[in-house]
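Here the protein sequences line up with chains L and P, keeping their order. Going from the first sequence to the numbering used here is simple: count from 1 and add 20. Going from the second sequence to the numbering used here is simple: count from 1 and add 83.
Treat the hints as calculated values from the structure; they're not laboratory data. Just so it is clear, CB atoms sit at the ideal spot from N, CA and C, and this is done for glycine as well. Just to be clear, a hint being listed does not mean it is correct.
[Said to hold, decoys possible] With a cut-off of at most 27 Å between alpha-carbon atoms, the simulated DSS-like pairs for lysine-lysine come out as follows:
1. P:K100 / L:K61
2. L:K61 / P:K139
3. L:K61 / P:K941
4. P:K144 / L:K61
5. P:K165 / L:K61
6. P:K160 / L:K61
7. P:K354 / L:K61
8. L:K61 / P:K138
9. P:K263 / L:K61
10. L:K61 / P:K96
11. L:K61 / P:K126
12. L:K61 / P:K858
13. P:K263 / P:K858
[Unchecked claim] A short list of chain P residues far from chain L (calculated; beta carbon distances all over 12 Å):
14. E167
15. I172
16. R415
17. D432
18. E508
As a plain string of letters, each chain reads:
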Amino acid sequence: MTKRESNDLIGSVMVVGGGITGLQSALDLAESGYYVYLVEKSPAVGGVMAQLDKTFPTNDCAM
Amino acid sequence: MEKCIACGICAEKCPAKAVDEFNQGLATRKAAYLPYAQAVPFKYVLDPGRCIYFKKGGRCKACEKFCPAGAINFDEKEEIVKIEVGSIILTGGFRPFDPSRFDNYQYSTLPNVVSSIEFERILSAGGPYAGDVVRLSDQRKARRIAWLQCVGSRDVNRCDNEYCSSVCCMYAIKEAMVAKEHIGDDFVGAIFYMDIRTYGKGFERYLERAKSEGVRFIRSRVHTITQADETGTLKIEYYLEESGKVVEEEFDMVVLSVGMEPAKPAVDLAKNLGIRLNQYNFVDTEDFLPVATSRPGIYVAGLLQGCKDIPQCVMEASAAACASATSLAPSRGQLIKEHVFPKENDVTDEGPRIGVFVCNCGVNIGGFADVPAIAEYAKTLPNVVYVEENLFTCSQDTQEKMVEVIREHALNRLVVAACSPKTHEALFQETIRKAGLNQHLFEMANIRNQCTWVHSDSKETATEKAKDLVRMAIAKASLLEPIPDVVVEIERSALVIGGGVAGMNAALSLADQGFPTTIVEKSSVLGGNARDIKETWGGKDVNKYLSDLVNRVESHPRMEVLLNAEVTGSSGFIGNFETEVLHKGEARIIKHGVGIIATGARASSTDEYLYGKNPRVTRWHELEQDPDKIRNAKAVAFILCVGSRDERRPYCSRLCCTTSITQAIHLKEQKPDMEIFILYRDIRTYGEKEALYRKAREKGIIFIRYTPEKKPIVNEVGDGLEIRVFDPVLQRDLLIKSDFLNLATAIEPSGHEELASYFKLPLDDDRFFVEAHAKLRPVDFANDGLFVCGLAHHPKPIDESITQAMAAASRASVVLSKPSIKISPIVAQIDSDRCIGCGLCAQVCSFGGILMEEIEGKGYRAKNIQASCKGCGLCAASCPQRAVDMLHFRDRQILAAVSAGI
Ligand SMILES: Cc1cc2nc3c(=O)[nH]c(=O)nc-3n(C[C@H](O)[C@H](O)[C@H](O)COP(=O)(O)OP(=O)(O)OC[C@H]3O[C@@H](n4cnc5c(N)ncnc54)[C@H](O)[C@@H]3O)c2cc1C
Ligand code: SF4
Ligand code: SF4
Numbered sequence: 021m022t023k024r025e026s027n028d029l030i031g032s033v034m035v036v037g038g039g040i041t042g043l044q045s046a047l048d049l050a051e052s053g054y055y056v057y058l059v060e061k062s063p064a065v066g067g068v069m070a071q072l073d074k075t076f077p078t079n080d081c082a083m
Numbered sequence: 084m085e086k087c088i089a090c091g092i093c094a095e096k097c098p099a100k101a102v103d104e105f106n107q108g109l110a111t112r113k114a115a116y117l118p119y120a121q122a123v124p125f126k127y128v129l130d131p132g133r134c135i136y137f138k139k140g141g142r143c144k145a146c147e148k149f150c151p152a153g154a155i156n157f158d159e160k161e162e163i164v165k166i167e168v169g170s171i172i173l174t175g176g177f178r179p180f181d182p183s184r185f186d187n188y189q190y191s192t193l194p195n196v197v198s199s200i201e202f203e204r205i206l207s208a209g210g211p212y213a214g215d216v217v218r219l220s221d222q223r224k225a226r227r228i229a230w231l232q233c234v235g236s237r238d239v240n241r242c243d244n245e246y247c248s249s250v251c252c253m254y255a256i257k258e259a260m261v262a263k264e265h266i267g268d269d270f271v272g273a274i275f276y277m278d279i280r281t282y283g284k285g286f287e288r289y290l291e292r293a294k295s296e297g298v299r300f301i302r303s304r305v306h307t308i309t310q311a312d313e314t315g316t317l318k319i320e321y322y323l324e325e326s327g328k329v330v331e332e333e334f335d336m337v338v339l340s341v342g343m344e345p346a347k348p349a350v351d352l353a354k355n356l357g358i359r360l361n362q363y364n365f366v367d368t369e370d371f372l373p374v375a376t377s378r379p380g381i382y383v384a385g386l387l388q389g390c391k392d393i394p395q396c397v398m399e400a401s402a403a404a405c406a407s408a409t410s411l412a413p414s415r416g417q418l419i420k421e422h423v424f425p426k427e428n429d430v431t432d433e434g435p436r437i438g439v440f441v442c443n444c445g446v447n448i449g450g451f452a453d454v455p456a457i458a459e460y461a462k463t464l465p466n467v468v469y470v471e472e473n474l475f476t477c478s479q480d481t482q483e484k485m486v487e488v489i490r491e492h493a494l495n496r497l498v499v500a501a502c503s504p505k506t507h508e509a510l511f512q513e514t515i516r517k518a519g520l521n522q523h524l525f526e527m528a529n530i531r532n533q534c535t536w537v538h539s540d541s542k543e544t545a546t547e548k549a550k551d552l553v554r555m556a557i558a559k560a561s562l563l564e565p566i567p568d569v570v571v572e573i574e575r576s577a578l579v580i581g582g583g584v585a586g587m588n589a590a591l592s593l594a595d596q597g598f599p600t601t602i603v604e605k606s607s608v609l610g611g612n613a614r615d616i617k618e619t620w621g622g623k624d625v626n627k628y629l630s631d632l633v634n635r636v637e638s639h640p641r642m643e644v645l646l647n648a649e650v651t652g653s654s655g656f657i658g659n660f661e662t663e664v665l666h667k668g669e670a671r672i673i674k675h676g677v678g679i680i681a682t683g684a685r686a687s688s689t690d691e692y693l694y695g696k697n698p699r700v701t702r703w704h705e706l707e708q709d710p711d712k713i714r715n716a717k718a719v720a721f722i723l724c725v726g727s728r729d730e731r732r733p734y735c736s737r738l739c740c741t742t743s744i745t746q747a748i749h750l751k752e753q754k755p756d757m758e759i760f761i762l763y764r765d766i767r768t769y770g771e772k773e774a775l776y777r778k779a780r781e782k783g784i785i786f787i788r789y790t791p792e793k794k795p796i797v798n799e800v801g802d803g804l805e806i807r808v809f810d811p812v813l814q815r816d817l818l819i820k821s822d823f824l825n826l827a828t829a830i831e832p833s834g835h836e837e838l839a840s841y842f843k844l845p846l847d848d849d850r851f852f853v854e855a856h857a858k859l860r861p862v863d864f865a866n867d868g869l870f871v872c873g874l875a876h877h878p879k880p881i882d883e884s885i886t887q888a889m890a891a892a893s894r895a896s897v898v899l900s901k902p903s904i905k906i907s908p909i910v911a912q913i914d915s916d917r918c919i920g921c922g923l924c925a926q927v928c929s930f931g932g933i934l935m936e937e938i939e940g941k942g943y944r945a946k947n948i949q950a951s952c953k954g955c956g957l958c959a960a961s962c963p964q965r966a967v968d969m970l971h972f973r974d975r976q977i978l979a980a981v982s983a984g985i
């Protein structure tokens, strides 16, 4: 870790949950300059969406 | 975990079986398992609750014995790690409602009564029945399927979940349509519902399509399901409105459309963090700060905040990222490091020296094709100077070896014959960059997914095909060229078009993060439609909020507001737009790196129901703005869906049900003896808005349904109005006397066409802007650097407009946060000497990637804008002069591969 700003803000964010929502938050933050800790309790990300067969309204595959 | 190469041997050898929770317990897995076929990370794990070693202590360890990668570590212990962070985002944490609580549906006892999540797995090709829709009682094909809506939702009597789960109407329709695809024309589908809630963008059309494909929609709450015979066939009784009778019908399967509830662990976590929850145990948020929890620095997104669908989750996710980023703006970039690669070797004047790595992928390839023979064969091919065979080419030690080999043998092209570029190309490209090669000097031969997996029955065929594929890859590799990265400088400022609530929120979020922002507003004031609104559905004061918001915007040091201003043209691409604005008669050019479209929409007018002819008939907020009228009124009626959900506008305006009910409750609270009638088609108070619907009924507001075939008829009588409406439940006309009538007319976009043409943005059939992907990229446009939010995207209430505005700002800040961005250099290359300026390429490009440039004395010539080009190749295919070639997929490269193949 590098220097800490005097204003004491820490340039990292913890995202709890690795479903579609958590992943999107994490990606946006990581891509705009923040260090992200993604915490997921199960061994794979994806959450419930991965269980769905197809998703409305476009009926494309959830994967 | 790092060592696991996902060969699957552990799962094969593991003797302990377990229930497969991914398939909702409809299948089994091993104690050593891959959570699901596309799991990320793609790694096998051990289930300590099932593993014999952990359960019995000290024995088994079969997986450890057989694992070729040495990736199993029985000594790994749980560890507590402490992490310092600037903010926290809580997501996820819901569970489907458990229908076994309801004994009348007999979910636990009747095998053919399944939950909707189980049904999703049954439909899935990767599920327990490989996508065959079968009855669980006897595995025979199911043909007749019923869906029961609102199971565990909108119900205070039996389960305390008062809210609407927001998604089950749509997923039931989807499941019915997919089931029909799987079952065929024999399919009989019926959805039993109270209100059908297809309120999202494109949802109403989806409903109409399902109806036209024969799915029946029956408005009836089914009370009991019984078994019709010993094979497990089911019988349900329901009330059929049109005939006024109770009917019986048999089904092979009944799907319970279960709602959603916050899951206990997530709720506990929120409680431990000291965050306020609402009465349903969702994290409590405020309408104007939709992702902020009660604790500063902690944000929430997704289902933990309330029931919603995927696009709404994705928007909230980006909105929460925006809120986090805004609060931490000064520390942006503080903790991240840029990866540095060694300088690239110049290989342009060297002849090709190709290295080939052939992978066994454990037994995945090696077990079904003769890998040593393929490797030997590769050695005989032109330009090949080095060949190696690996158990796993993707393993960490092979990457290190690859770097050494490239250096040692001065290789300048690399071919890997293995799984699939889709999953592994990026890894190998990174490896060759580490060895000083341009990443595009790489080619992959897909000898697993497209070879051994499909030809597992014949080793000979698989081997021969693999040789062909390797020969083709090498032929192409010989002609590969280094392609330099394309770096685009970013003008780090934003332009927001439209100064309503959405536009102002997007602009503030960006300006607060440090990016100069300009708002262009057509009218003479900021605020848009919100200026007419008194209160949000959650009861918050909109006037006060709006004046604070306008103040913040107008006094922001990094904000410029142009009122009475109009966009008259735009050019450029991500990071480098130049937009012409006419401001108070003066033309200006604004340079900006990103653009956000927040131009809103408006209430449509109508000539139905005496609107415009009788002053007693008003629309939207007109009635409540006239307190004199209300003071003396004895009865007031509302008609919903005026001009929405019909042929002309086949979409639901989403917020009119809730707004009208909110207004009605207000009237009733002011004057409890006033009679209030709401004439509706379906009440669409999705999510927690359902509580308002209940409150309205409790207060004595009368809801009367009408059908589009028999719309209400409004007449002037003496000093009031008379409304005749056919009640489909009673099957007869009702006559209502009312002093005033307020109409919820459709919300429609206006004047989007010009902006769409300036920025080359698509509009849908209803003239709303079309996002890049309805679910996964709900605020991005397909054209990079441009975003959408608010009513310009689709009707939505204020809280959702704010969320979407913050989401758009988050996506925009991804672009603005760096001084320059790298974009994919695999783009079209145009030979201007061959080009005749016909413009076909510019016409077929959907990304605005081609500009027709005027050249003196020559007319027009096509020019590729690298930053906008997606490398799809449509232009190259359309060019009659063959003046367009695609980098990395040049005609001669593809031809070389094809000729080597035949
Ligand atoms: C009739 C109606 C009633 C509503 N009632 C409620 C309610 O009761 N509760 C609730 O929560 N929500 C309600 N809403 C929704 C709510 O108004 C919006 O969610 C919210 O105000 C966000 O709007 P917006 O900024 O996207 O668009 P708007 O408020 O429409 O703002 C868009 C702005 O862009 C400007 N503009 C348009 N085109 C251009 C252009 N080419 N160049 C420059 N500027 C342009 C417009 O002048 C306007 O100022 C209602 C909406 C409507 C239409
Ligand atoms: S009305 Fe709401 S709770 Fe009921 S099924 Fe439809 S979306 Fe679900
Ligand atoms: S009134 Fe509006 S929100 Fe309700 S169903 Fe009709 S169009 Fe949809």
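Structure-based check of all given hints:
Taken as a hint, the K100 (chain P) and K61 (chain L) pair is honoured in the structure, with Cα atoms around 22 Å apart against an allowance of 27 Å. With a CA separation close to 25 Å, the supplied pair K61 (chain L) and K139 (chain P) stays within the 27 Å bound. Distance hint between K61 (chain L) and K941 (chain P) is unfulfilled; the C-alpha atoms sit about 64 Å from each other, more than 27 Å. Straight-line distance between C-alpha atoms of K144 (chain P) and K61 (chain L) comes to about 24 Å, which keeps the hinted pair within the 27 Å bound.
Restraint check for K165 (chain P) and K61 (chain L): the C-alpha separation of about 16 Å stays at or below 27 Å, so the hint holds. For the hint linking K160 (chain P) to K61 (chain L), the alpha-carbon distance of about 15 Å falls within 27 Å, and the restraint holds. At most 27 Å may separate the alpha-carbon atoms for a hinted pair to count; K354 (chain P) and K61 (chain L) meet this at roughly 18 Å. Distance restraint check for K61 (chain L) and K138 (chain P): the Cα-Cα separation of roughly 21 Å lies within the 27 Å cut-off, and the hinted pair is therefore satisfied.
Restraint check for K263 (chain P) and K61 (chain L): not satisfied, since their Cα atoms lie roughly 36 Å apart, outside the 27 Å limit. Restraint check for K61 (chain L) and K96 (chain P): the C-alpha separation of about 26 Å stays at or below 27 Å, so the hint holds. About 15 Å separates the Cα atoms of K61 (chain L) and K126 (chain P), which keeps this hinted pair within 27 Å; it holds. Of the pairs offered as hints, the one joining K61 (chain L) and K858 (chain P) holds, with about 25 Å between alpha carbons and a cut-off of 27 Å not exceeded.
At roughly 23 Å between alpha-carbon atoms, K263 (chain P) and K858 (chain P) fall within 27 Å of each other, so this suggested pair holds. The Cβ of E167 (chain P) sits about 6 Å from the closest Cβ of chain L, inside the 12 Å cut-off, so the non-interface label is violated. Residue placement check: I172 (chain P) does not keep its beta carbon more than 12 Å from all beta carbons of chain L (closest about 5 Å). Distance check on R415 (chain P): its Cβ comes as close as 4 Å (rounded) to a Cβ of chain L, failing to clear the 12 Å threshold; non-interface status is violated.
Here D432 (chain P) stays apart from chain L, with its beta-carbon at least about 38 Å from theirs, past the 12 Å limit. Every C-beta of chain L lies more than 12 Å from that of E508 (chain P), the closest at about 18 Å, which supports listing it as non-interface.
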